[in-house]
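Residue numbers (the numbering used here), protein chains in the order written: chain U, 1 to 112; chain L, 113 to 220.
Everything labelled a hint here was simulated from the structure, so no lab data went into it. Positions of the beta carbon are idealized from the N, C-alpha and C atoms, including for glycine. Heads up, some of the hints might be wrong.
Mimicking DSSO-like on lysine-lysine, the simulated pairs with C-alpha atoms at most 27 Å apart in a straight line are [said to hold, decoys possible]: (1) L:Lys166 / L:Lys207; (2) U:Lys7 / U:Lys65; (3) L:Lys166 / U:Lys65; (4) L:Lys207 / U:Lys7.
Here are the simulated distance ranges between beta carbons [said to hold, decoys possible]: (5) U:Met31 / L:Asp139: 44 to 54 Å; (6) U:Asn72 / L:Asn168: 28 to 38 Å; (7) U:Gln24 / L:Asn206: 16 to 26 Å.
Facing chain L, from chain U, some residues (calculated, C-beta under 8 Å) [as the list claims (entries may be wrong)]: (8) Met31; (9) Leu45; (10) Glu86; (11) Leu92; (12) Tyr102; (13) Phe103; (14) Arg108; (15) Leu112.
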Amino acid sequence: SAVISQKPSRDICQRGTSLTIQCQVDSQVTMMFWYRQQPGQSLTLIATANQGSEATYESGFVIDKFPISRPNLTFSTLTVSNMSPEDSSIYLCSTRSTDTQYFGPGTRLTVL
Amino acid sequence: GIQVEQSPPDLILQEGANSTLRCNFSDSVNNLQWFHQNPWGQLINLFYIPSGTKQNGRLSATTVATERYSLLYISSSQTTDSGVYFCAVVRGGNKLVFGAGTILRVKS
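All chains, please: the whole structure from these sequences, using the hints.
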């Protein structure tokens with residue numbers, strides 16, 4: 001199994017600013033995933049982050065808006081840049097271990 | 113891409129009742145998981161079940177891969193079962209695709 005922590009747990013931000021979300025896993029993992037859950041919606045994959053390579057973004061998500069770092073096998077960050085109210089969502093970090101997906105507690109972001 | 117459909121979208125149960133949630137998927141998969149998202153937003157993995165049947169306490173799940181559906185059974189429901197239940201699949205690669213979820217409310 002994998003235990004994932006995220007910081008911050010929630011934040012309220014002003015339009016036009018940026019927020020960096022941190023994700024820490026309690027073991028070394030190859031792949032880390034970032035998901036977005038808009039209010040009342042399901043989860044959508046933003047990008048997959050492998051250590052030592054550029055993140056792979058899903059359709060509709062771009063690196064300029066959601067830059068990702070993966071400096072080692074236990075840590076990743078997601079930045080939400082130049083925020084607008086439409087970015088208000090829960091952002092979740094995730095990894096997979098022996099076919100089972102594990103999720104962090106999420107970062108609840110509100111943009112005013 | 114693969115489509116994942118869950119039913120029903122909403123379900124209200126009296127405490128102690130049983131329920132069945134369904135997940136249909138449009139193509140063969142090599143990974144299917146059920147998750148529970150509690151009212152605080154935490155996602156908990158319930159089952160990894162690409163085929164066959166598994167049970168864990170009051171919960172059980174069955175996936176019939178050849179017919180492209182999975183069922184999640186909740187017996188003797190409790191108020192703590194409330195939340196959203198998601199089915200998610202992987203078809204090749206690593207991308208987990210989620211269904212829209214079933215919102216479950218258990219009333220005491």
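### Query
Against the structure shown, which of the earlier numbered hints fail to hold, in ascending order?
Violated hints (numbers, rising): 3, 5, 10, 15; every other hint is consistent with the structure.
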